[in-house]
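Throw the hints in and build the complete structure from the sequences for me.
Residue numbers (this note's numbering), protein chains in the order written: chain A, 1 to 353; chain B, 354 to 706.
The set of hints was computed from the structure by calculation and includes no laboratory data. Keep in mind that the hints are not guaranteed to be accurate.
[Stated by the list, open to error] Taking lysine to any residue pairs in the SDA-like style, the calculated list, with each CA pair at most 20 Å apart, reads:
no.: 1; chain 1: B; residue 1: 691; chain 2: B; residue 2: 623
no.: 2; chain 1: A; residue 1: 255; chain 2: A; residue 2: 160
no.: 3; chain 1: B; residue 1: 692; chain 2: A; residue 2: 291
no.: 4; chain 1: B; residue 1: 507; chain 2: B; residue 2: 537
no.: 5; chain 1: A; residue 1: 280; chain 2: A; residue 2: 332
no.: 6; chain 1: B; residue 1: 692; chain 2: B; residue 2: 365
no.: 7; chain 1: B; residue 1: 686; chain 2: A; residue 2: 295
no.: 8; chain 1: A; residue 1: 333; chain 2: B; residue 2: 661
no.: 9; chain 1: A; residue 1: 338; chain 2: B; residue 2: 648
no.: 10; chain 1: B; residue 1: 692; chain 2: A; residue 2: 283
no.: 11; chain 1: A; residue 1: 255; chain 2: A; residue 2: 102
no.: 12; chain 1: A; residue 1: 176; chain 2: A; residue 2: 144
no.: 13; chain 1: B; residue 1: 691; chain 2: B; residue 2: 502
no.: 14; chain 1: B; residue 1: 698; chain 2: A; residue 2: 308
no.: 15; chain 1: A; residue 1: 345; chain 2: B; residue 2: 647
no.: 16; chain 1: A; residue 1: 333; chain 2: B; residue 2: 651
no.: 17; chain 1: B; residue 1: 692; chain 2: A; residue 2: 313
no.: 18; chain 1: A; residue 1: 339; chain 2: B; residue 2: 661
no.: 19; chain 1: B; residue 1: 686; chain 2: A; residue 2: 296
no.: 20; chain 1: A; residue 1: 339; chain 2: B; residue 2: 649
no.: 21; chain 1: A; residue 1: 333; chain 2: B; residue 2: 636
no.: 22; chain 1: B; residue 1: 394; chain 2: B; residue 2: 620
no.: 23; chain 1: A; residue 1: 252; chain 2: A; residue 2: 204
no.: 24; chain 1: A; residue 1: 333; chain 2: B; residue 2: 652
no.: 25; chain 1: A; residue 1: 338; chain 2: B; residue 2: 649
no.: 26; chain 1: A; residue 1: 280; chain 2: A; residue 2: 28
no.: 27; chain 1: A; residue 1: 280; chain 2: A; residue 2: 291
no.: 28; chain 1: B; residue 1: 691; chain 2: A; residue 2: 296
no.: 29; chain 1: A; residue 1: 339; chain 2: B; residue 2: 643
no.: 30; chain 1: A; residue 1: 252; chain 2: A; residue 2: 207
no.: 31; chain 1: B; residue 1: 686; chain 2: A; residue 2: 315
no.: 32; chain 1: B; residue 1: 498; chain 2: B; residue 2: 528
Model, not experiment: these values are computed from the prediction.
There are 2 protein chains.
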Amino acid sequence: MFALILAGGAGTRLWPRSRAALPKQLLALTGGDTMMQATVKRVLPIVPLEHIFIATNREYAPLIRAQIPGIPAENIVEEPSGKNTAPCIGLAAARMRQLDPNAVMASLHADHFIADEEGFRQALLAAAEVAQEGYLVTLGITPDKPETGYGYIKRGAELGDYNRHTVYEVSQFLEKPDLATAERFVASGEYYWNSGIFIWQLSTLLDCFRQYMPEFYEQLGQMEQAMAAGQAIDAIWQQIQGESIDVGVMEKAAKVAVAPVNIGWNDVGSWAAIHEINQKDENGNVALEAEHLAIGTTGTLVQGNGRLIATIGLEDVVIVDSGDALLVCARDKVQDIKKVVEWLKAQGRNELL
Amino acid sequence: MFALILAGGAGTRLWPRSRAALPKQLLALTGGDTMMQATVKRVLPIVPLEHIFIATNREYAPLIRAQIPGIPAENIVEEPSGKNTAPCIGLAAARMRQLDPNAVMASLHADHFIADEEGFRQALLAAAEVAQEGYLVTLGITPDKPETGYGYIKRGAELGDYNRHTVYEVSQFLEKPDLATAERFVASGEYYWNSGIFIWQLSTLLDCFRQYMPEFYEQLGQMEQAMAAGQAIDAIWQQIQGESIDVGVMEKAAKVAVAPVNIGWNDVGSWAAIHEINQKDENGNVALEAEHLAIGTTGTLVQGNGRLIATIGLEDVVIVDSGDALLVCARDKVQDIKKVVEWLKAQGRNELL
Numbered sequence: 001m002f003a004l005i006l007a008g009g010a011g012t013r014l015w016p017r018s019r020a021a022l023p024k025q026l027l028a029l030t031g032g033d034t035m036m037q038a039t040v041k042r043v044l045p046i047v048p049l050e051h052i053f054i055a056t057n058r059e060y061a062p063l064i065r066a067q068i069p070g071i072p073a074e075n076i077v078e079e080p081s082g083k084n085t086a087p088c089i090g091l092a093a094a095r096m097r098q099l100d101p102n103a104v105m106a107s108l109h110a111d112h113f114i115a116d117e118e119g120f121r122q123a124l125l126a127a128a129e130v131a132q133e134g135y136l137v138t139l140g141i142t143p144d145k146p147e148t149g150y151g152y153i154k155r156g157a158e159l160g161d162y163n164r165h166t167v168y169e170v171s172q173f174l175e176k177p178d179l180a181t182a183e184r185f186v187a188s189g190e191y192y193w194n195s196g197i198f199i200w201q202l203s204t205l206l207d208c209f210r211q212y213m214p215e216f217y218e219q220l221g222q223m224e225q226a227m228a229a230g231q232a233i234d235a236i237w238q239q240i241q242g243e244s245i246d247v248g249v250m251e252k253a254a255k256v257a258v259a260p261v262n263i264g265w266n267d268v269g270s271w272a273a274i275h276e277i278n279q280k281d282e283n284g285n286v287a288l289e290a291e292h293l294a295i296g297t298t299g300t301l302v303q304g305n306g307r308l309i310a311t312i313g314l315e316d317v318v319i320v321d322s323g324d325a326l327l328v329c330a331r332d333k334v335q336d337i338k339k340v341v342e343w344l345k346a347q348g349r350n351e352l353l
Numbered sequence: 354m355f356a357l358i359l360a361g362g363a364g365t366r367l368w369p370r371s372r373a374a375l376p377k378q379l380l381a382l383t384g385g386d387t388m389m390q391a392t393v394k395r396v397l398p399i400v401p402l403e404h405i406f407i408a409t410n411r412e413y414a415p416l417i418r419a420q421i422p423g424i425p426a427e428n429i430v431e432e433p434s435g436k437n438t439a440p441c442i443g444l445a446a447a448r449m450r451q452l453d454p455n456a457v458m459a460s461l462h463a464d465h466f467i468a469d470e471e472g473f474r475q476a477l478l479a480a481a482e483v484a485q486e487g488y489l490v491t492l493g494i495t496p497d498k499p500e501t502g503y504g505y506i507k508r509g510a511e512l513g514d515y516n517r518h519t520v521y522e523v524s525q526f527l528e529k530p531d532l533a534t535a536e537r538f539v540a541s542g543e544y545y546w547n548s549g550i551f552i553w554q555l556s557t558l559l560d561c562f563r564q565y566m567p568e569f570y571e572q573l574g575q576m577e578q579a580m581a582a583g584q585a586i587d588a589i590w591q592q593i594q595g596e597s598i599d600v601g602v603m604e605k606a607a608k609v610a611v612a613p614v615n616i617g618w619n620d621v622g623s624w625a626a627i628h629e630i631n632q633k634d635e636n637g638n639v640a641l642e643a644e645h646l647a648i649g650t651t652g653t654l655v656q657g658n659g660r661l662i663a664t665i666g667l668e669d670v671v672i673v674d675s676g677d678a679l680l681v682c683a684r685d686k687v688q689d690i691k692k693v694v695e696w697l698k699a700q701g702r703n704e705l706l
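Here it is as structure tokens:
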């Protein structure tokens, strides 16, 4: 098995910690390892380091090399510019094919948290068995609440049991629902969150590119030729139309399967998520990189910068101290952090982005 | 008129800004000037700088000299150790008597805020007229709410009009009341907050020391002799029993008067008070020394340290960023800041005190 880790994003939802120059996947927000390092370690028992590829933009490549010592230099797939997920997955698949055209590939994200790591690996192995039958396989997260921030997958007919996982055909991919719809999805038991974790044979995936994204497939061939000749791919890359793998391939393909999992998955999409996945004290408080003196404070996350943070009489607050900026935010208002980032952009305050 | 400014306290209620090494009276919490500087400027139109004395502990004396350039060196009354207010008032009065035995002295605090400065000066001039008649005079603050944190003064018979102020004899000094009592005080119209601002003739005050604090009066004479001989007063000072001027003199004296004033007085005893006395934006927020980006935030005080502070969805919170420590506190829980300070003391964390 090969693994591709997508590590290109510059998330703003974890401002002021996550920055353009140091995004969340390169930070240690869920333990001693950075999320990038944790993602690599999570698959190492079933994917050797030389089969792990990391797709990222050029700016982050040096940081990733430093965080993942021993990874082969050619396994870092540097995107000349952001083109969404399909092009970089295609480029990585083309490189993997040169090493082993019959391999199965797992496409992962560098900024996901997974509590049950062994369960995750067993699910990948199950999905790999399904992929051998020519399916594009996605891990579907069993929802535990009517989350409106994720896309959903409706399952179809049962395909069978693979490595003790019941796997289904995908009936439909659904956009982020409203709350009533999400509640109906969760109640029915037939819907899963779309984790964005995919498993496929290289040959299946590349066939899909040829069939559903023919222009990109041709550009991919041109890039392979350029790389074989030791030339830069930038000029070809600039011509590529950005597209997500979901829209470009998954929603169009005929043989798509979902392997439902219950592995403590979290996409760490907000400070509220960071609070959720970390160990809490008896008052529901979480302190990261801070000495937190909490008086009459409950449900509060403190992401510090080494110094003492005293809180008094707070309920469900997020405090993020990044050295050059301080955020204090009601925990149920973390979605408005994007307004701060928009304001900084509008003001040209690039040093704080 | 002479003025004595009491500047010895090391308040902890404004932690983490107010520190043992730099207490609130030496900070600029209410404008461009430090509270010490503002206190001096407030009386300068009616008291020349050479008649202004400042009583403080030795640690703060160099900082005060730096903040009040031009003040005669001998006008800084250094207390060898804290003995409450009566001894340092007595020591200052003894020094003033050498300059002018017939003078009137106003005893002020370095950490009070007064919005109506001209009204304050006119009240001092009125009180000085009453003091000429042998009264110990106190400014009584007309209460605008049933505050339980202050002592109260009950007025007695009207003494007359002085400089367009109606002045009364004091009927009684009362300790901090409970809420029901405070409400009754405010409703009656006959009670005032005890501001701790006193005006008296030097001769009247020193007579009172002789009558009501005879042991201290004798020690005061010994200190005067020591100073005249160029000797240190420390050995005598250590023998003095600490006492407040309120208990030692005001509550015992026969001729005590109160001049009611309505001058926007605030003793700046908490971060809530800092919020109260500063100009607020349309959402009731106050930002001091900070760039405050407020999103959905109301009634919040941000005391910064130069960097950006973004707040989202907060209501009535106090944020104080002091560089080495951060406080985030519900505005109605600022009285619990003393618990933080107690914890720091118990932990021996003197660098944060």
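These are the hints, each one checked on the structure:
| no. | hint | in the structure |
| --- | --- | --- |
| 1 | B/691 to B/623 | holds (11 Å) |
| 2 | A/255 to A/160 | holds (14 Å) |
| 3 | B/692 to A/291 | holds (16 Å) |
| 4 | B/507 to B/537 | holds (12 Å) |
| 5 | A/280 to A/332 | holds (17 Å) |
| 6 | B/692 to B/365 | holds (10 Å) |
| 7 | B/686 to A/295 | holds (10 Å) |
| 8 | A/333 to B/661 | holds (19 Å) |
| 9 | A/338 to B/648 | holds (11 Å) |
| 10 | B/692 to A/283 | holds (18 Å) |
| 11 | A/255 to A/102 | holds (18 Å) |
| 12 | A/176 to A/144 | holds (16 Å) |
| 13 | B/691 to B/502 | holds (15 Å) |
| 14 | B/698 to A/308 | holds (14 Å) |
| 15 | A/345 to B/647 | holds (16 Å) |
| 16 | A/333 to B/651 | holds (14 Å) |
| 17 | B/692 to A/313 | holds (12 Å) |
| 18 | A/339 to B/661 | holds (14 Å) |
| 19 | B/686 to A/296 | holds (9 Å) |
| 20 | A/339 to B/649 | holds (11 Å) |
| 21 | A/333 to B/636 | holds (18 Å) |
| 22 | B/394 to B/620 | holds (17 Å) |
| 23 | A/252 to A/204 | holds (13 Å) |
| 24 | A/333 to B/652 | holds (17 Å) |
| 25 | A/338 to B/649 | holds (13 Å) |
| 26 | A/280 to A/28 | holds (17 Å) |
| 27 | A/280 to A/291 | holds (14 Å) |
| 28 | B/691 to A/296 | holds (13 Å) |
| 29 | A/339 to B/643 | holds (19 Å) |
| 30 | A/252 to A/207 | holds (12 Å) |
| 31 | B/686 to A/315 | holds (12 Å) |
| 32 | B/498 to B/528 | holds (16 Å) |
Checked against the numbered hints given earlier, this structure breaks none of them.
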